[in-house]
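Undergrad: So the sequence lines, in the order shown, correspond to chains D and Y. If you're matching positions, the first sequence starts at 1 in this note's numbering and goes up one per residue. If you're matching positions, the second sequence starts at 1 in this note's numbering and goes up one per residue.
Mixed in with the good hints, there may be bad ones.
[To be verified] Just so you have them, the derived chain D footprint on chain Y, three or more residues with Cβ under 8 Å:
(1) 7 to 21
(2) 368 to 381
(3) 432 to 439
(4) 446 to 455
(5) 488 to 501
(6) 556 to 563
[Unchecked claim] In silico contact screen, one side only, chain Y against chain D (beta carbon under 10 Å); selected entries:
(7) Trp411
(8) Gln415
(9) Leu418
(10) Ala442
(11) Phe458
(12) Gln461
(13) Arg463
(14) Leu523
(15) Gly536
(16) Ala545
(17) Leu548
(18) Asp569
(19) Pro589
Think of the hints as simulated: they come from the structure by calculation, not from any bench. Just so you know, these numbers come straight off a predicted model, no measurement behind them. For glycine and all other residues, C-beta sits at the position ideal for the given N, C-alpha and C.
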Amino acid sequence: MRPIGIITQLLELIVALAAAPLFVGWINQCRAWLQNRSAPSLWLPYRGIRKLFHKDAVIAAGASPLFRLAPYMVFAAMVVAAGIIPSMGTRLPLTQVADAIALVGLLATARVFMSLAAMDIGTAFGTLGARREMMVGFLAEPALLMVIFVASLISATTALPAITEHLATQSLGLYPSLAFTAVAFLMVLLAENARIPVDNPATHLELTMIHEALLLEYSARHLALMEWAAALKLFNYACIGFALFIPWGVSTRGSAPVTLLASLPLLVAKLAVAGAVLALIETVSAKLRVFRAPEFLATAFLFAVLGLLVHLLLGA
Amino acid sequence: MAPVPHSPLDACLVLLALWGLIGLAGLVRPRSLRYVGRTLFPLGALCGLALAAVAFSAIGTPTEHALLLVGLPDLPMHLRRDALASLFLGLLGAVSAGISVFAAGYFRRGQGTSAGLLCLQYHLFLASMGFVLLADDAYAFMVAWESMALASYFLVTTQHSLGEIRRAGFLYLLIAHVGALAILLAFGVMQGGSWQFTFDAMRAARLPPSWAAAAFLLALFGFGTKAGLAPLHVWLPEAHPAAPSPVSALMSGVMLKMAVYGMLRVSFDLLGTPQWWWGVSALAVGLFSALYGVVFAAAQTDMKRLLAWSSIENVGIIFTGVGLAIVFHGAGMPALAALALIALLYHALNHAFMKSLLFCSTGAVLHSTGERNLGRLGGLIHRMPWVAWLSLIGALSLAGLPPLNGFVSEWLLLQAFLFAHQVPHTFINMLLPLGAALVALAAALAAYVMVKFYGVIFLGQPREATLLHAHDANALERLGLLWLAAGCVALGLMPTQVVGTLRAVVRELAHVDLPDPTAPWWLLEPLPGRLASYSGLALLLAVAAVVLLTFLGVRLFYHRRVRRAAPWDCGFARLDARMQDTAEGFGQPIRHMFEPFFAMRRELPSPFDRAPRYHVAIADPLWLRLYQPLGSLVQRIADAFAVLQQGRIATYLLYSFVTLVVLLAVVL
Chain D
1 MRPIGIITQL
11 LELIVALAAA
21 PLFVGWINQC
31 RAWLQNRSAP
41 SLWLPYRGIR
51 KLFHKDAVIA
61 AGASPLFRLA
71 PYMVFAAMVV
81 AAGIIPSMGT
91 RLPLTQVADA
101 IALVGLLATA
111 RVFMSLAAMD
121 IGTAFGTLGA
131 RREMMVGFLA
141 EPALLMVIFV
151 ASLISATTAL
161 PAITEHLATQ
171 SLGLYPSLAF
181 TAVAFLMVLL
191 AENARIPVDN
201 PATHLELTMI
211 HEALLLEYSA
221 RHLALMEWAA
231 ALKLFNYACI
241 GFALFIPWGV
251 STRGSAPVTL
261 LASLPLLVAK
271 LAVAGAVLAL
281 IETVSAKLRV
291 FRAPEFLATA
301 FLFAVLGLLV
311 HLLLGA
Chain Y
1 MAPVPHSPLD
11 ACLVLLALWG
21 LIGLAGLVRP
31 RSLRYVGRTL
41 FPLGALCGLA
51 LAAVAFSAIG
61 TPTEHALLLV
71 GLPDLPMHLR
81 RDALASLFLG
91 LLGAVSAGIS
101 VFAAGYFRRG
111 QGTSAGLLCL
121 QYHLFLASMG
131 FVLLADDAYA
141 FMVAWESMAL
151 ASYFLVTTQH
161 SLGEIRRAGF
171 LYLLIAHVGA
181 LAILLAFGVM
191 QGGSWQFTFD
201 AMRAARLPPS
211 WAAAAFLLAL
221 FGFGTKAGLA
231 PLHVWLPEAH
241 PAAPSPVSAL
251 MSGVMLKMAV
261 YGMLRVSFDL
271 LGTPQWWWGV
281 SALAVGLFSA
291 LYGVVFAAAQ
301 TDMKRLLAWS
311 SIENVGIIFT
321 GVGLAIVFHG
331 AGMPALAALA
341 LIALLYHALN
351 HAFMKSLLFC
361 STGAVLHSTG
371 ERNLGRLGGL
381 IHRMPWVAWL
391 SLIGALSLAG
401 LPPLNGFVSE
411 WLLLQAFLFA
421 HQVPHTFINM
431 LLPLGAALVA
441 LAAALAAYVM
451 VKFYGVIFLG
461 QPREATLLHA
471 HDANALERLG
481 LLWLAAGCVA
491 LGLMPTQVVG
501 TLRAVVRELA
511 HVDLPDPTAP
521 WWLLEPLPGR
531 LASYSGLALL
541 LAVAAVVLLT
551 FLGVRLFYHR
561 RVRRAAPWDC
571 GFARLDARMQ
581 DTAEGFGQPI
591 RHMFEPFFAM
601 RRELPSPFDR
611 APRYHVAIAD
621 PLWLRLYQPL
631 GSLVQRIADA
641 FAVLQQGRIA
651 TYLLYSFVTL
661 VVLLAVVL
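Excised from the complex, chain D in its bound form (with noise of 0.2 Å):
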């Protein structure tokens, strides 16, 4: 393994862990000045985690040992996720470890995992919240299976990094069939990360709500971890968008080391548009009734068969 390998790798991962709440904190205050209000702090999300750590934690009498698993779980496979996304360098020596469809399969064990220790306590939300977990899951997994298997014919390979570094020194060709992937992925990106039209991560509403209802009965600091794996996995959701469609400036394996220390504040200006961008989304459109989500997330799917299909025909 070569030291620039690991470089790559521990700095991926310290900047996904100190971005991902960051990035949820410039969301939200995007979304606030959209909407004329005044803005939270950028850092409100990390004072969030900070006092959940610190406070006790009260765990339901009915709570079997999984329950106090899932957050650490959860927690663990968002940031070995992060570690497999090539957004700074393609060097990372985890990707060899798993390759794109391995890190679909990761996102679900996490989400497994939630949604079983949603129905551990045995309340009417927990359960209730789980099942609308589980059915945007199963069908925004195969949405975003068929996003990464576009991106994978195309450079005729799985594994992220190769993925990356194949579309980035492309010559900036169009591709027809990535654009209706783009289109999916989006869609998908809202749907698991429990965002508006699908789910609205400001509410408390009970019968609106999905992410929340899975989390309704953790506290202190299960509910810091489970919130910072949240923030992770939009994060992750956000850098295989990049990955994918934007690839460009990453330190790939031809390039010199250097090029890492100028893909840092490329990529914080790409969060900061996508950022943006997710915020004016939230901001126009309303949420759906929860029986709305599948054909939402259909049309992501077919969005996605359609981009196939389009490569196939194209091969482009």
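We have chain D; now place chain Y onto it with these hints.
TA: Only chain Y this time, still in chain D's reference frame:
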């Protein structure tokens, strides 16, 4: 002194014979549970272990032949052990070892058939499956196949005092025989006019393409009925749950794989080179079954039926792999054909372990609570921690999650799909990616099903007061579950070793091979040079390291104080077990989204009902639209013939007389 067996084939035969003897020994003291359960079943498990050791180590050794001089005069049974047979013998041995240990602790008094008779049927079932794998002529194959069907029929109807179970057994027997007829016809076509029914003669026969296709389709029908492919699946969700749990495990985990074995034997070995469009038919049937099975699994409310439907899904995925391998083989793409074959064999191994594990754990739940209905279970993780945590491994495997085994085979299959676009048929080229999309959808739905299965049984609050007295599985049952769970974990963490073994099988079966791996031993690459790799072990270590670091970090920097309190539930104070989601509720989104799949009957309460009642019954539309019309047609034909049956001897004598006259008129 018995002669020491000097070859793997002899050793296998001795072990199969031992199974038979153990079965017969059960008749000595059929009512003694101590003798049958604590002595004979563990002995059978030891035989299984020995068989697994012999068979797995024999993969890659030269093929052996033998002649067994039993049965009809001048019709000896030809036996043959090659790599494919060894692999499935190993599967049979390894999985049945776990199930037998579990069964040793499982069978109790007063359950229909006596323990000794059950022991005989069980071990004959095992031995006949072994003979199916070793048979090298159509006669021996059919004899073994039919003994397998009969032995399992008697096992299914163990609790024969219940009408529902007798009905399930009859349906199973009927459809098994329709399938067996198709297999027999396939053999008849494959002997190619030589009237030699040995498999060697079939390999040598050069069939015209149309006849080869007919043989393939007959075999697909015949083995498809045994495997439970939709629309031939109707017996499976009836028969598998009706049997005692270890037998359900054996049927779902092992017997379905015999059909996979038969299909591979016929399409790659006996028929020589398969044509690519055969693959398309297998692919279509497989994909349909995978989706149909998993959608119905999501809507079930009986835990064993849910698992049975999930078996249909998994068999569908395996047959999708068969179809894909045939397409690649026919299109002259050996490396991809090898990849698809390895993926499907891997999935067969995986499914054998994980489905047996889950069926056995439903058995433990059933014993402990007396309840199969998901609506009356819940919270068992507190009362039955052993069963609950071991089932978690099975459920996560079946959901296809890394780093466990279910993920590896799905990963390999998706990799095979992903490079399918080089097939030289534009039409197939367009359809294969859609196939990949369906496989992905089925796999994601499987995770939904498993969350429902596990969450409703083991998590939450107990839905009945009686569940508070549930007890954990006994020591033997735990040992059996532990063995099967260990198999799931090992298959997940050591994929390179497994793929190395499967390569030897595939090389001998279809004369295709993967290129030699260039990656280190812990890294699995589908095709070298694709840059894609996966390592379950390293992934597990990475996740475990982060979990440990986080755990220690939180304790080091903050504190570990915990308080227990009543659940929060948004401040609602009077929470009770009936407010949890039920199995019906958990299946509701699926029923809603896949409504055309179901034949549904809803009873909704009106606002003015004094005792409002909500009831949904789902049925299999294929049963209503395909099987019932077929059944009534047969009934009508039979009724028409019943006119002949007068019950008076004079009429029957008249029939004989008329027949004689007609025959004489024809002859003279």
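Undergrad: Taking each numbered hint in turn, which are not upheld by the structure, reported in ascending numerical order?
TA: Per hint list: 1 and 5 violated.
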